[in-house]
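Novice: Using the sequences provided together with the hints, build the complete structure.
For the sequence shown, this note's numbering begins at 1 and goes up steadily by one.
Keep in mind that the hints were calculated from the coordinates and are not lab data.
Certain hints may be false.
[Said to hold, decoys possible] Computed beta-carbon distance windows for the label pairs:
| id | residue 1 | residue 2 | range |
| --- | --- | --- | --- |
| 1 | L148 | A5 | 25 to 33 Å |
| 2 | Y23 | A2 | 20 to 28 Å |
| 3 | R58 | P15 | 29 to 37 Å |
| 4 | P15 | H47 | 37 to 45 Å |
| 5 | A11 | L83 | 33 to 41 Å |
| 6 | T59 | F20 | 37 to 45 Å |
| 7 | E120 | L12 | 18 to 26 Å |
| 8 | R10 | P82 | 39 to 47 Å |
Just so you know, even glycine gets a beta-carbon here, dropped at the ideal spot from N, CA and C.
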Amino acid sequence: MADIAKIDYRALDKPEIINFLFYPRREDGPSGSGGTDCDIQIPVDEHVTIGARFHPARTAAPTILFFHGNGEIVADYDEMAPLYVQRGINFLPVDYRGYGRSTGTPTVTAMMRDCHTIFEYILNWLAEGGFTGPLVVMGRSLGSASALELAA
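Specialist: The structure is reproduced here in structure tokens:
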């Protein structure tokens, strides 16, 4: 795992940039679609957890760890998730600090550090659950920054 303490984007953590980049939205109401999906709270800092939702297809299937776009939350993908599952792909969208059911406040530095912690946590979580397929990272819009950070 990367030394996340060395990840430093403070130059982008200025209020005028943060207010332009992030549009956090809370998830209200019941969690999940009521199917086989599973909500996960991923600890990324002492007092911060990141919400995620796992939509399983099968244990040997690949899993897409999906970092969504800005203004979106995990729940926005509840209707799309079955399309992945029907094709035999486990789908796991994750939120950012302050989005959905996550705690904390979003910053660029936190987003880039958190993606490493999330990736390692999900690798272990899948293995403990008997999921043996490859883990694929995908990002859309704002989420592409997290995906690229992990690929770097």
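Novice: All hints are to be evaluated individually against the structure, with a verdict given for each.
Specialist: A quick look at each hint next to the structure:
Between L148 and A5 the C-beta distance comes to about 20 Å, which lies outside the given range of 25 to 33 Å. One distance hint, 20 to 28 Å for the beta-carbon pair Y23 and A2, holds here, with the actual separation near 27 Å. With their beta carbons about 45 Å apart, R58 and P15 fall outside the hinted range of 29 to 37 Å. Checked against the given bound of 37 to 45 Å, the beta carbons of P15 and H47, roughly 22 Å apart, lie outside it.
Distance hint check: the CB atoms of A11 and L83 are about 39 Å apart, consistent with the given range 33 to 41 Å. Between T59 and F20 the beta carbons are some 41 Å apart, a value that agrees with the proposed interval 37 to 45 Å. Range check, E120 to L12: Cβ separation about 23 Å, and the 18 to 26 Å hint holds. In this structure the hint that R10 and P82 lie 39 to 47 Å apart at CB holds, the actual value being about 40 Å.
Going down the numbered hints, you'll see the structure goes against 1, 3, 4, while the others check out.
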